[in-house]
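Engineer: Sequence:
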Amino acid sequence: GRGLENSESALLALQRKSGVVSDAISGEAIKKSPDSSAGDVLRRVTGITLVGGRFIFVRGLGERYSNTILNDSVIPSPEPDKRIVPLDLFPAGVIKNIRVIKTASAEDSAEFSGGIVKIETKEYPDTLSLSVSLGVGKNTQVAGHKFKTFDTGEMNNNFGLVSKKQELPDMISGLPKAIPFVEGDRFGGIPTNLMKVGALSFNQEWSPKEEDSPFNKSFSISAGNSFKTEKWGRFGILAGTTYNRSYNYREEANARFQASNPISIYLKDSNMLRPLNQNNLKIYGEEVLWGNNLNLAYEPKIGQQFFIKTLYSVQSDKIVREGDGANYIDNFNFKSTNLNFISRTIFNNTLGGEHEVRAFSARPHKVEWNVNYALAERDEPDARNQAWSQGGTDLANGYRRLGNNPDGTRYFRALRILSEANL
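For reference, each letter of the sequence shown is one residue, going 1 to 423 in UniProt numbering.
Honestly, the hints are just simulated from the structure, not real lab data. Take these hints with a grain of salt, some might be off.
[What the hints assert, rightly or not] Taking CB as the label site, the calculated pair distances span:
(1) Asn158 / Ser201: 18 to 28 angstroms
(2) Pro364 / Gly135: 42 to 52 angstroms
(3) Glu154 / Gly403: 42 to 52 angstroms
(4) Gly403 / Arg256: 41 to 51 angstroms
(5) Thr192 / Gly135: 13 to 23 angstroms
(6) Ile329 / Gln15: 52 to 62 angstroms
(7) Ser201 / Glu28: 52 to 62 angstroms
(8) Ser18 / Gln304: 19 to 29 angstroms
(9) Ile283 / Ile329: 24 to 34 angstroms
(10) Ser105 / Asn327: 54 to 64 angstroms
[Unchecked claim] No more than 30 angstroms apart at the CA atoms, straight line, and that leaves these computed lysine-lysine pairs for DSS-like:
(11) Lys282 / Lys82
(12) Lys31 / Lys96
(13) Lys164 / Lys82
(14) Lys301 / Lys209
(15) Lys366 / Lys138
(16) Lys164 / Lys31
(17) Lys82 / Lys318
(18) Lys164 / Lys217
(19) Lys282 / Lys138
(20) Lys148 / Lys209
(21) Lys118 / Lys82
(22) Lys31 / Lys165
(23) Lys96 / Lys366
Glycine residues also receive a C-beta, built at the ideal position from the N, C-alpha and C atoms.
Kindly produce the complete structure, drawing on both the sequences and the hints.
Structural biologist: Printed below as a string of structure tokens:
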């Protein structure tokens, strides 16, 4: 039954009997681990490499060679340049088990050469069940340091969603998509008054704010039960939510060099490296992972089941990048600031059934079916960039605004992918 499929021994037995090479992690093992997402869980699987905490390499093959299946249905990815779904979008608290299929089989899609990641969400329990957990922690890279972030306006960001303050202003979004270009006009045909008023309608916060180093925090709550009636059979329900908010800080540095005199190896300084440029980055990151699941089931009699499984998951990154460095070719120093917020959401709704059919033998055959609706969205609102330079006569006067691209630019990007009626 449902409990057996969630146990370690049942998954090991399934691996032994299976005609494909696979690895699996049960809900029992997930519950005992500190993992917060499916990506963290898969770190423990043999032959799996996790890149960036969200994309997997199976047997050394990149993420574009793998596929993700949720409750036996293929779901779209919110990443525009990736086939596989980011695995940090699935909170560990809603997962029943995870299997990684590494070889082809007749029952699975052939759209992979690396592996298929099969994620199954929890089902309703046989008896009343209530689970609550709270967690708090601190990243040693953040602790003791001032943390930089930016205000996004509303409670929505606390749950990884885009707030009204971050959206494109109505005045701008209402403009026609094609504006006739006027040659010689300063703004290419857009009225000057509209340019002035339109600029003021945007969020005017360009610089990050500094605050005390925050604590990581998490909580989850899940409740479920089943009700058996003599006339109508058994009804089951499971509802849960899980939330994780974490902070990180890292520093990056990169530089480019060129041989001082690559033309001749006989010159005295031909084995010296001349610096071309250098760039140092301080990156402050805040990640929110919020997942919700609701599963309803109906068993009119033993061996016959109908179910609806719903998952709504949000993952967001709020990032502040501060850079400084030097361009030794043109002899100037530079600084930059970037404020970026990315929200990814997945909504998946599956209607399905499992039926035991006895035909031509005493041993029952199992028939499974499902119809799926999935929606993946990626929203990157109001990414802001600033840049300063210092060189020549500016060395004594400090940094000046660059005054052209990328200084003073802001970007809005959105992606929506819909997948319906996968039978």
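Engineer: Against this structure, judge whether each hint is valid.
Structural biologist: Results of checking the hints against the structure:
Separated by about 25 angstroms at the C-beta atoms, asparagine 158 and serine 201 satisfy the suggested range of 18 to 28 angstroms. A hinted range of 42 to 52 angstroms holds for the C-beta pair proline 364 and glycine 135, which are about 44 angstroms apart. At about 32 angstroms, the CB distance of glutamate 154 to glycine 403 disagrees with the hint of 42 to 52 angstroms. Taking the beta carbon of each, glycine 403 and arginine 256 are about 25 angstroms apart, not inside 41 to 51 angstroms as hinted.
A hinted range of 13 to 23 angstroms for the beta carbons of threonine 192 and glycine 135 is inconsistent with their spacing of about 54 angstroms. Checked against the hint of 52 to 62 angstroms, the C-beta distance between isoleucine 329 and glutamine 15 comes to roughly 58 angstroms, which is consistent with it. Checked against the given bound of 52 to 62 angstroms, the beta carbons of serine 201 and glutamate 28, roughly 53 angstroms apart, stay inside it. A C-beta distance of roughly 26 angstroms is found between serine 18 and glutamine 304, which places it inside the suggested range of 19 to 29 angstroms.
Against the hinted window of 24 to 34 angstroms, the Cβ-Cβ separation of isoleucine 283 and isoleucine 329 comes to about 26 angstroms, which satisfies the hint. Between serine 105 and asparagine 327 the Cβ separation comes to about 55 angstroms, which falls inside the hinted range of 54 to 64 angstroms. Between the alpha carbons of lysine 282 and lysine 82 the distance comes to roughly 27 angstroms, so the proposed pair stays at or under 30 angstroms and holds. In summary, the hint linking lysine 31 to lysine 96 is supported, as the alpha carbons are separated by about 10 angstroms, within the 30 angstroms threshold.
Simply put, lysine 164 and lysine 82 have alpha-carbon atoms about 28 angstroms apart, close enough for the 30 angstroms limit, and the pair holds. As the CA atoms of lysine 301 and lysine 209 are separated by approximately 60 angstroms, the hinted pair breaks the 30 angstroms bound. With a C-alpha separation of about 48 angstroms, the suggested pair lysine 366 and lysine 138 falls outside the 30 angstroms cut-off, and the hint is violated. Using a Cα cut-off of 30 angstroms, the hinted pair lysine 164 and lysine 31 is violated, with the two alpha carbons roughly 37 angstroms apart.
Note on lysine 82 and lysine 318: the hinted pairing holds, with a Cα-Cα distance of about 21 angstroms set against a maximum of 30 angstroms. Of the pairs offered as hints, the one joining lysine 164 and lysine 217 holds, with about 25 angstroms between alpha carbons and a cut-off of 30 angstroms not exceeded. Distance hint between lysine 282 and lysine 138 is fulfilled; the C-alpha atoms sit about 19 angstroms from each other, no more than 30 angstroms. For the hint linking lysine 148 to lysine 209, the alpha-carbon distance of about 6 angstroms falls within 30 angstroms, and the restraint holds.
As the CA atoms of lysine 118 and lysine 82 are separated by approximately 17 angstroms, the hinted pair is consistent with the 30 angstroms bound. Of the pairs offered as hints, the one joining lysine 31 and lysine 165 is violated, with about 38 angstroms between alpha carbons and a cut-off of 30 angstroms exceeded. Only pairs whose Cα atoms come within 30 angstroms are accepted, and lysine 96 paired with lysine 366 is accepted, the gap being roughly 20 angstroms.
Checked against the numbered hints given earlier, this structure breaks hints 3, 4, 5, 14, 15, 16, 22; the rest are met.
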